[in-house]
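Engineer: Sequence:
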Amino acid sequence: MTIRLASTLQPDSIVDGEGIRTVVWTQGCPHHCPFCHNPQTHDFNGGYVVELDDIFKEMNKLRGQDGITLSGGDPMVQPLQCLEIAKYAHKLGLNVWCYTGYLYEDILKNEKQKALLEEVDVLVDGKFLIDERSLDLYYKGSANQRIIDVKESLKQNMVVEIPRYKGKKIFGQMYKKDKSLFI
7 MTIRLASTLQ
17 PDSIVDGEGI
27 RTVVWTQGCP
37 HHCPFCHNPQ
47 THDFNGGYVV
57 ELDDIFKEMN
67 KLRGQDGITL
77 SGGDPMVQPL
87 QCLEIAKYAH
97 KLGLNVWCYT
107 GYLYEDILKN
117 EKQKALLEEV
127 DVLVDGKFLI
137 DERSLDLYYK
147 GSANQRIIDV
157 KESLKQNMVV
167 EIPRYKGKKI
177 FGQMYKKDKS
187 LFI
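Position 81, counted from 1, in the sequence shown is what the numbering used here calls 87; the numbers after and before it change by one each time, with no gaps.
Think of the hints as simulated: they come from the structure by calculation, not from any bench.
Calculated cross-link-like contacts (lysine to aspartate or glutamate; reagent style DMTMM-like; alpha-carbon spacing at most 25 Å):
1) K97 / E125
2) K63 / D18
3) K115 / E90
4) K97 / E117
5) K157 / D72
6) K133 / D49
7) K93 / E125
8) K133 / E111
9) K161 / E117
10) K93 / D60
11) K161 / D72
12) K118 / E167
13) K133 / D155
14) K118 / E90
15) K67 / E57
16) K115 / E158
17) K93 / E57
18) K97 / E24
19) K118 / D49
20) K161 / D112
21) K146 / D18
22) K161 / E111
23) K133 / E167
24) K118 / D155
Could you build all of it, start to finish, from the sequences and the hints given here?
Structural biologist: Right, dumping it as structure tokens:
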């Protein structure tokens, strides 16, 4: 089986989910969110095609990673391929985050996307909206997006957001040696 990617696997990310992660940048996105920070991933014919076995070989070489993040593009447009990557990540003891412009509720209505969802640990759903953009949000670009505990959501049959990510980041203030605020 093959998958269309925007780039090679990107290890050591600290901004695409909790912990140190390797990002799988899928190619192809139907949402075309204005001001998307990855517009080069929208074209369904862009990027390159790779065998999943080659991705698994690269995943076997990973060290010091907490998880895999499926991003793009939109992983939900290649759900069966991303499902296999998610399964393999779990086999390696890695957790799986997935970013998508689709809403959790809509993913449940699509059999193939739901199969991928069931293998994901954390879902960041919703289109990026420039009017709701904030640099103070944890692991998402706009306030409308949700960071969802997928296993708990499926269990409770309702969206369960991860509470620690609902607020804004709190940055520590930096002080000079004389205790005055560093500006």
